[in-house]
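Chains as they are written, first to last, in the working numbering: chain A, 9 to 207; chain B, 9 to 207; chain C, 14 to 269.
Since the hints were derived computationally from the structure, they do not count as laboratory data.
On a predicted model such as this, the values are computed, not experimentally measured, just so you know.
Ideal Cβ positions, reconstructed from N, Cα and C, are used throughout, including at glycine.
A portion of the hints provided could be inaccurate.
To be verified - Heads up, incomplete: computed chain C residues facing chain B, CB under 10 Å, no partners named:
#1 Lys96
#2 Ala98
#3 Leu99
#4 Pro102
#5 Val145
#6 Gly149
#7 Arg159
#8 Thr160
#9 Asp165
#10 Ser171
#11 Leu236
#12 Phe240
What the hints assert, rightly or not - Simulated restraints on C-beta separations:
#13 C:Leu69 <-> A:Gln190: 52 to 60 Å
#14 A:Asp12 <-> B:Ala41: 50 to 58 Å
#15 A:Val135 <-> C:Tyr94: 37 to 45 Å
#16 C:Val87 <-> A:Arg80: 53 to 61 Å
#17 B:Arg139 <-> A:Asp31: 54 to 62 Å
Unchecked claim - Calculated Cβ distances over 10 Å to all of chain A for the following chain B residues:
#18 Arg15
#19 Glu18
#20 Ala23
#21 Glu112
#22 Arg134
#23 Asp140
#24 Val146
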Amino acid sequence: MSDDLTRAVEAALFASEGPLTADQLSAILNGAAVLPALRMLADHYADRGVHLVERGGRWQFQTAPDLAHLLRRTREQPRRLSRAATEVLAIIAYHEPVSRAQIEAIRGVQTAKGTLDVLLEAGWVRVVGRRDVPGRPVIYATTPDFLNQFGLASRRDLPGIDELRAAGLLDPVDEAFEALVQGADPVDEGALEKGGESA
Amino acid sequence: MSDDLTRAVEAALFASEGPLTADQLSAILNGAAVLPALRMLADHYADRGVHLVERGGRWQFQTAPDLAHLLRRTREQPRRLSRAATEVLAIIAYHEPVSRAQIEAIRGVQTAKGTLDVLLEAGWVRVVGRRDVPGRPVIYATTPDFLNQFGLASRRDLPGIDELRAAGLLDPVDEAFEALVQGADPVDEGALEKGGESA
Amino acid sequence: MNEADLFTPARPAEADKLHLELDGWEGPLDLLLDLARRQKVDLRQISILALVDQYLAFIEAERMRLELAADYLVMAAWLAYLKSALLLPREEQPDPDPEELALRLQLRLQRLGAMREAAARLMARDRLGRDVFARGAPEGLRLDRRTRWQCDWFGLVSSYGQVQLRTQPVVHMVRERPVMTLDSALERVSALLGITLDWMELREFLPARDGDWTEPRLRRSALASSFVAALELAKQGRAHLRQDVTFGPLHLRRVA
């Protein structure tokens, strides 16, 4: 049994063609405060076959993950990403916002244009602006759809992101290097860059 | 709390792109007997914002009928009546009941069908019958809503021709136009398109 | 990730496998990372020297396929240089310090390794459309748009005024002006034509310049009407018209 507002929130989320933010829901329901209802619903559905989840501030119903084996075969598999695309996606997600040059610095290879296009087309990555450095390169970040696709409530839920950050593995090589050789002679940037770029 | 089969039925129906028969559900769920689960779910959802319903032997979730009004939002867009529609409305108000042919005779230009439709849609004009002449043309009159909209107790409150003249509303077009241009009254920018059917 | 043993490319099956994977490999740092992984140790612990050795051995064995990944060569050259620098006694080391280069390489491999692992963990999550599913047939939230028409009293009344005005019978009041009518011009010109058989200029048909006829507007009217009268007479076959030059004086003469 639930109150009218909760029922209305439940119905609106069921009927919606996509995830809805609390604000959008509130607008649909004449400005009602929907968060308590959302929490109540999430609770109610927690042990059912359908869950109410929050992804990047947007709420939606989806089937319970433990039922994947039953539902999967009735469905088409989502497009398989190439390994290059998955790496680029991970780099963007863990480092965002990043430029293409930064992505390439981490991967050590040029990134084919098509690789980024696949991610842009999937709606998981978008251009969020330009970096204020010479050449004003475009910078990329992930989208709410990305969080939704991978079942992440927010970027903080990225697997292992805290450990990676603590280990300095999300810092650029130059920074990590400086940290390691502090007090040592200044590094010949030119020679290092040359070596790095050719890799 | 529900058992795994019920959860699976719930998830399968939720994710399905169309209603499913019990047999189809059973096929998805490895031949399980799904009817008890369907009844349990229908019971569970009976007082929620979403109902599980059976239609011609096929089962589906749908939003509760009593919430339909919430899920169908109406957005009102204010729009100014066109010059042509305003003229037609005025003619009907001063001469009602009138046929379209009469309106055109008074305006001196043909009246597009859409112009009258706009007035009917606005609820200011209605069909009050047919004139008993060859062709039996439809005749129009204003509605009580029209009087409300313009703050009139009755049609007799409309100013007469003499009053219009005294108010300068029967000044020659050129002078009225000058007054409009100088006064920059946006109300009547339509005066420029003399007799135009922009409705 | 390809788990084939990349260190024994001499075996044809393995070599083929590598060949098939070249699309996915994309480049040398990637390959180097796999070589590093092969050592099954923490990247921070591995010997860059050993790694370089393995890489160069691999390149050597795969010489035939180099055209498929030209940048392997650049990497190989750079690594060969790094290797030789690392082998040199410390005092003969070139600038920049090969230890630094090796450290940087290690740092890069670590970062790439971390991202690859992160990507794998990301891909292994419950994915929407693969493991979990959104509503299959959402009813949709409908948004009906309605137009609220607006018009005010003034607009209504003034537009009625405009309609009335527009459809009132139009009466043009022309102020009386001194003119010579076409009829009187026709009469005058044909009467004067009867006097002589000689060519006469059009101006000679105009009334003498006295009294009212000094008024310029009346004279212009007389000239215009006389001209039209001349054309009319010519059309009727009662007069010849002659003009020697464009814009020159117009002459007329009775048809004999």
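Going down the list of hints, with the structure as the test:
no. : hint                             : verdict
1   : Lys96                            : 56 Å, violated
2   : Ala98                            : 60 Å, violated
3   : Leu99                            : 58 Å, violated
4   : Pro102                           : 68 Å, violated
5   : Val145                           : 9 Å, holds
6   : Gly149                           : 4 Å, holds
7   : Arg159                           : 5 Å, holds
8   : Thr160                           : 5 Å, holds
9   : Asp165                           : 7 Å, holds
10  : Ser171                           : 5 Å, holds
11  : Leu236                           : 33 Å, violated
12  : Phe240                           : 34 Å, violated
13  : C:Leu69 <-> A:Gln190: 52 to 60 Å : 32 Å, violated
14  : A:Asp12 <-> B:Ala41: 50 to 58 Å  : 35 Å, violated
15  : A:Val135 <-> C:Tyr94: 37 to 45 Å : 38 Å, holds
16  : C:Val87 <-> A:Arg80: 53 to 61 Å  : 44 Å, violated
17  : B:Arg139 <-> A:Asp31: 54 to 62 Å : 55 Å, holds
18  : Arg15                            : 3 Å, violated
19  : Glu18                            : 3 Å, violated
20  : Ala23                            : 5 Å, violated
21  : Glu112                           : 45 Å, holds
22  : Arg134                           : 32 Å, holds
23  : Asp140                           : 50 Å, holds
24  : Val146                           : 40 Å, holds
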